[in-house]
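Turn these sequences into a full structure, and let the hints guide you.
Listed in order, the protein sequences are those of chains S and V.
When we follow the numbering used here, the leftmost residue of the first sequence carries the number 163, and every step to the right adds one.
When we follow the numbering used here, the leftmost residue of the second sequence carries the number 749, and every step to the right adds one.
Among the hints, erroneous ones may be present.
What the hints assert, rightly or not - Residues of chain S placed beyond 12 Å of chain V at every Cβ, according to the derived structure:
hint	residue
1	I196
2	A200
3	G220
4	L255
5	V273
6	V354
7	A445
8	L446
9	N447
10	M465
11	P562
12	M572
13	L587
14	I610
15	L625
16	I650
Said to hold, decoys possible - Calculated cross-link-like contacts (lysine-lysine; reagent style DSBU-like; alpha-carbon spacing at most 35 Å):
hint	chain 1	residue 1	chain 2	residue 2
17	S	K193	V	K846
18	S	K328	S	K535
19	S	K328	S	K193
20	V	K949	S	K328
Said to hold, decoys possible - Computed footprint of chain S on chain V; a stretch qualifies when at least three of its residues, placed anywhere within it, have a C-beta under 8 Å from a C-beta of chain S:
hint	stretch
21	825 to 836
22	887 to 901
23	942 to 955
In case anyone wonders, no lab produced these hints; they're calculated from the structure.
Here a beta-carbon is modelled for each residue, glycine too, at the ideal position from N, C-alpha and C.
This is what each chain is made of:
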Amino acid sequence: MIFHVDSASWIIAPVILPLIAGLLCFLFNRKIFIIALAAALANFLVVCFLIWQLLNFGPMRSYIGGWQPPLGITLRTDGPALLMLLMTAITGLGVTLYARGYFSHRISDPVRAFRHQRQQRYFWPLWMLLLTGLNGLFLSGDIFNLYVTLELIGISAASLAALSGKPASQRASFRYLLISLLGSLTYLLGIVFLYRTCGVLDLTLLRNLAGNESGMGAALALLSVGLLLKTALVPLHFWLPPAHANALAPVSVILSALVVKASFYLLFRFWFELFAPIVTMPALNFMGTLGAIAILWGAIQAMRQHRLKLMVAYSTVSQLGYLFVAFPLSRITEGAEVWSIVIFMALTHACAKSAMFMAAGSVYLHLGHDRIKDLGGVRASLPVTVFAYGIAGVSLMGLPPSGAFIAKWMLLSSSFASSQWWWVLVIMTGSLLAMIYVFRVMSQFFVIPEGDVLDTPEPLSPLLEWPALILALISLFLGLFAPWPLHILSQGSTGLALIFPGALP
Amino acid sequence: MSTEKKIKGQTRNRHRRFDAYQLLFLCLVFCLIALLGTILCTIPENFPGLADTVASLQEQSGVESPVTAVLLNFRGYDTLLEVMVLLLAVIGVWSLTKAPVSNLKTDISPVQMGVVRLLTPVLCLVAAYLVWQGSHLAGGAFQGGAILGAAGVLLLVSELDWLRAVPAFVLRIGLILGPLVFVGTALCCLFFTGELLAYPKGTAGWLILLIETVCALSIGLTLALLFGGGRPEDDVPD
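Written as structure tokens, this is what we have:
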């Protein structure tokens, strides 16, 4: 029937499941967590199944409504899309469990229990609809449909960021909403140019039509600026640290680990598939330079922060830079290798950064503040959380065997191979600075406050500590499983060999 | 006094500096628009777009209006997600604040009451007609929903007592009714024909009308509640 193991109909499940869960979460008042957890679990299982399907039957396409392109909308699976989906599913499952622990802890505190109940009430539907948007974006094969998913992501992310209700977070999230809308509108203008030039919206057809025209150039510029605004690449990063640092802990995890990756993923796909024929070396170098500035600037800012969550947020700015340094190195490496650099970086960062934000959130719950100089004694009371923070830090620095190590290794070897040695300096300095800002906090954790007798407050719920540790361990051991993601990438990326005709050495 | 003057002077200075920035910004935006306009005008239109394709498949879509055919048949998935965006807007607003309640108890003037009594049924009728008309002319769920939303706004500004008594659960059911029926129809199509939103032969017209009607109700409620400016009193304790 319809749901054969080799049927393409399964593709829509990661979109429809969280969508229905979001509607139900909004409708009901009780047992919402069960609905959300069921959806997150089902989403994870379906994504695993889709990967198995890809390995056995190759990439799939589903024509919604039975209308073939250019008229209808296509959903498709391939290696990169499925790995991003897997990243979202794993991190999403972790966030769902962590959020449960977080809200239970907050509500058990009689002070402002009602406010926390309200936050929990609205967190679940917003998170489920955000998940819908993310999954829809990774699967979509239609440039206008991508705009709609970007809208879904932008509006739900801004609402989530405002959930804490503090004036600082409301101001930051309002700015986030405006920036996100500006990005979406710029993207839409880019679509206008693209449609006017090519007359179709389907990504596969657009790739075949892409020619060297001024309209395509304008479209590329507009689409890129819109997506860069959403990805928060330096110098467009100004909205990110306050929005991410002032949000509730589970929301910070979602924003930092997943939402910025979505727009980056699109940017990467556009530059290396759709617009590959008209992308020039100076343009790639420009993106790489911005990435290099982001690495250094984000790391320096992270070192200067006095609050843990702001430090972690600036670290996101820095880590996003590595993704862009891969751009200028693409011309000498094979297409699949660029993909693997970016995917490894993104996967490691998603797991490590969510672990780090979870740890920061648990520390905040435990101490009631997150001033870095007063973090002493946390190691004794929250050993699992501190362990998770340390492992996540190792992954951010890019030490082996983390996935970031593999990605940085490939970056270094390709910059040596192409004798663009300056990228090497940037990557090394960035790692060194990451080490400094990670250890600056780590050393505070181990300080035993003088004179104080360590009071032992009740331990945090395991839901607040273990998801962070598990995600941190995944990011650490990703490097050991490196052949497996590479295998998936090589499966789906049938078109990648065509990316750089004539540009390969 | 002197501090006040100082502050005034500072703000004036800031204004002046700001003006220079604004002027520069305006110039840049103008240049950008000019550049983009030039590019847009010089693009040779090699492709007729998708209008011809839509026209050739119009008969299979079950409706006569090309706009409705694109919105609810050819690209129904987009519309489904757009409806979710509207719902998200309400969830976002409700998560932020409670609906403001005016404690001023004044009687509604009879003139206003008369207008409400006269206009509300007419607006509902126009909305229903627009939804119906969507199958062959301009119109449809969003237009009908907008008119319904206007009716809701009219009721809200009149501050009728029974509006406050509507339980939040009923409002929530109304809000998700449209998206839920839309998704439900899409899934039914999946089970009967094997593709999401692929209407079985001969049923497309009726299914589209069903989706449009419930979506118009939900969209109208969404717009009215957005005007309401927050969650109802009894939604969650605060």
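A quick look at each hint next to the structure:
1. I196: Consistent with the label, S:I196 stays out of reach of chain V, its closest Cβ about 18 Å off (over 12 Å).
2. A200: holds, 17 Å
3. G220: At roughly 19 Å from the nearest Cβ of chain V, S:G220 sits farther out than 12 Å, so the non-interface label holds.
4. L255: holds, 22 Å
5. V273: Nearest chain V Cβ is 14 Å from S:V273, so the label holds.
6. V354: Not fine: 8 Å to the nearest Cβ puts S:V354 too close to chain V.
7. A445: holds, 17 Å
8. L446: Holds, since 22 Å exceeds 12 Å.
9. N447: Given that every Cβ of chain V is farther than 12 Å from that of S:N447, nearest at about 23 Å, it holds.
10. M465: For S:M465, whose nearest Cβ neighbour in chain V is about 31 Å away, the distance exceeds 12 Å, so it holds.
11. P562: Non-interface label on S:P562 holds, nearest chain V Cβ at 42 Å vs cutoff 12 Å.
12. M572: Holds: least Cβ distance 36 Å, greater than 12 Å.
13. L587: Label holds. Min Cβ-Cβ 34 Å, cutoff 12 Å.
14. I610: Answer for S:I610: holds, closest chain V Cβ roughly 41 Å.
15. L625: Check passes; 22 Å lies beyond 12 Å.
16. I650: Given a closest Cβ separation of 25 Å, the condition holds.
17. S:K193 - V:K846: Roughly 23 Å between the alpha carbons, so the hint for S:K193 and V:K846 holds.
18. S:K328 - S:K535: Holds, at about 23 Å.
19. S:K328 - S:K193: Distance of about 27 Å is within 35 Å: holds.
20. V:K949 - S:K328: violated, 54 Å
21. 825 to 836: holds (count 8)
22. 887 to 901: With 0 residues close enough to chain S, the hint is violated.
23. 942 to 955: Our answer is that it holds, as 6 residues pass the Cβ test (under 8 Å) against chain S, meeting three.
This entry does not satisfy hints 6, 20, 22, going by the numbered hints stated previously.
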